[in-house]
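Enquirer: Residues per chain are reported as follows:
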Amino acid sequence: MNHLLIAPVVLPAVVAPFMVMVLRHHLPLERVFSVASTVLLCALALSLASQAYDGTVQVYELGDWPAPFGIVLVLDRLSALMITLTTLLALAVVLYAIGSGWDARGRHFHPLFQFQLMGILGAFLTGDAFNLFVFFEVLLIASYGLMIHGGGTVRLQAGVQYVVYNLLGSTLFLFALGTLYSVTGTLNMADLAMRAAEIPAGDTALLRVGALLLLLVFAIKAAVLPLHFWLPASYANAPLPVAALFAIMTKVGAYAILRMYTLVFGPGAEATAGLAGDWLLPAAMLTLAAGAIGVLGGREIGRLVAFGAIASMGTLLIAISLFTPQAAAAALYYTVHSTLATAVLFLVADQVMERRGGALTATAPMAQSGLISALFFGGAIAMAGMPPLSGFVGKLLVLDAARDAELSSWIWAVILTGSLVTIVGFARAGSEVFWKCHDASLAAEPEEAEAEAEDQPEVTAPAAVPALPFVAIFGLLAGLVLLTVFAGPMMAYAEATAQQLFNPSAYLDTVLGRSE
Amino acid sequence: MELLLASAVGLMTACGVYLILRRRTFPVILGLSLVTYAVNVFLFATGRLAVGAPPVLNKYAEAAYTDPLPQALVLTAIVISFGMTAVVVMIALGAYLSSRSDEINMTETAPEAGEDA
Chain F
1 MNHLLIAPVV LPAVVAPFMV MVLRHHLPLE RVFSVASTVL LCALALSLAS QAYDGTVQVY
61 ELGDWPAPFG IVLVLDRLSA LMITLTTLLA LAVVLYAIGS GWDARGRHFH PLFQFQLMGI
121 LGAFLTGDAF NLFVFFEVLL IASYGLMIHG GGTVRLQAGV QYVVYNLLGS TLFLFALGTL
181 YSVTGTLNMA DLAMRAAEIP AGDTALLRVG ALLLLLVFAI KAAVLPLHFW LPASYANAPL
241 PVAALFAIMT KVGAYAILRM YTLVFGPGAE ATAGLAGDWL LPAAMLTLAA GAIGVLGGRE
301 IGRLVAFGAI ASMGTLLIAI SLFTPQAAAA ALYYTVHSTL ATAVLFLVAD QVMERRGGAL
361 TATAPMAQSG LISALFFGGA IAMAGMPPLS GFVGKLLVLD AARDAELSSW IWAVILTGSL
421 VTIVGFARAG SEVFWKCHDA SLAAEPEEAE AEAEDQPEVT APAAVPALPF VAIFGLLAGL
481 VLLTVFAGPM MAYAEATAQQ LFNPSAYLDT VLGRSE
Chain W
1 MELLLASAVG LMTACGVYLI LRRRTFPVIL GLSLVTYAVN VFLFATGRLA VGAPPVLNKY
61 AEAAYTDPLP QALVLTAIVI SFGMTAVVVM IALGAYLSSR SDEINMTETA PEAGEDA
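Listed in order, the protein sequences are those of chains F and W.
Heads up: the first sequence runs through residues 1 to 516, numbered per the numbering used here.
Heads up: the second sequence runs through residues 1 to 117, numbered per the numbering used here.
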């Protein structure tokens, strides 16, 4: 048994309490430990990814209990990809939070951050449905703390909504798991897959209820349209670096859909065939449309980016809901792209918020306007799917995968129109924030504003601009560029992952300990 | 017994959902706790109902036993929902104390409305 498999869960689980109990009054030391732990997690994730690269499935049995009885962690290509993405994103976010001073605006940022990582990495690694619920709770309870980090009335009110919504989601998750357990008598995902296939055709009503309830839960996490209401308010009012980390949380929902509905309720399973796709596809198209309209109508930069995140989840879920290997490969490529692009935009939005507030109205020019507008431009064209960056490649792959689908004309229309509307929305926001400040009438109109604008450079200029936030943003942008340049190898990996997902026999054999 | 248990789960869920749809945080939190009670009882029932049977196998006698796994699941669920309820109470209290209003709605002018009240 390879003990490296559990290290991504154990490491933050040890570092976080250590920081709370020993280092709580030493912010510099907390920062050192947090960065060190995140770097170590990156190294661990990369080494696990290199082990999973050739397609072997590894299983870690906790307490050495064999599979259907104990909890297992499973490493295959999909989980390796997701944990690598998570840790790289986390490294950029933690550097940004330190550089921008966000972690000093309230207590316990770094311990909560590590607990959040523990939950996310655990959710990607686990091979047990109830354990997935537990890791969801770990990541949620840490996210409640991070979401209200720094305090403030509006943030707390948004926090209440976020917590209530997610608590309801968790309760629904338990109902779904209970239903599945009462039908199959197991909660291990591999064992569930075997048992679900054995249920006689006449007795599958409850199984289908459980499967759809589970889809509903994951749709809440992934912010699919009728269930997306929690996302804009909470992401826009959370500290924006935290929102950048939350970019991976919606992907946890997408990951869970992809995992459960290829492994347990796969396309081969008679009772539940097509069940998820039929519901998910229209919802995903509506999600994309709502996100694009939200981008167009946003009046505040945080909300604008949050709706951009919803739109990209829509595109991602359209690809997932087709449930073909080609579409799943496109979805995986788009997952990586969308996580990085969302994070870049949230971090840029934070830079804008810090300098001039988030309202999308013309104000006096801000410091480093040129640099920030260039970064915003880069993030926006990636998010909207314009040619040079990976968003274009990703959307092209999704469109190509949807060519043979039943509703292909609808899918093409929604994705292309959505992209156009998103481009217009971001262009409007960018010109309001970065161009109109140079309007002569604006400077001349109110006397006070002019005086203020002239005062401001004198106050803010002496403070040196911290470089670390920009290092983090450029790092994420570099990730997007690399994703574009190495789209070929990345797609090869994604296609291999999709093949593994749609032929789960290796997964089942390894987890259930059946000899080859 | 099945009827009693099923109607208890249904009634608690219905009351919980009604309370969750209210406008103020206090009934919403009460509703959330009711729903979590309902789900705990529901989980307990997924191992089938048995009266007076121990949740352990007895290898010395042919005794009836009941499925122990749902009981372990319920324990986990109780601990998690207890912790979550505590968190939501604290956050709601914080929001109430800083805005002087425990409405769960957010409006664009929430801080001003709070000052008026």
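Simulated from the structure, these hints should not be mistaken for lab results.
Keep in mind the model is a prediction, meaning the values are calculated, not measured.
Accuracy of the hints is not assured; some may be wrong.
What the hints assert, rightly or not - Pairwise CB distance ranges (calculated): (1) TRP412/F x VAL51/W: 32 to 38 Å; (2) LEU97/W x ASP54/F: 42 to 48 Å; (3) LEU97/W x PRO387/F: 48 to 54 Å; (4) ALA6/W x GLY202/F: 18 to 24 Å.
Idealized CB from N, CA, C, for every residue including glycine.
Enquirer: If a hint holds in the structure, say so; if it does not, say that too.
Expert: Status of each hint after checking the structure:
no. : hint                           : result
1   : TRP412/F x VAL51/W: 32 to 38 Å : 60 Å, violated
2   : LEU97/W x ASP54/F: 42 to 48 Å  : 56 Å, violated
3   : LEU97/W x PRO387/F: 48 to 54 Å : 51 Å, holds
4   : ALA6/W x GLY202/F: 18 to 24 Å  : 22 Å, holds
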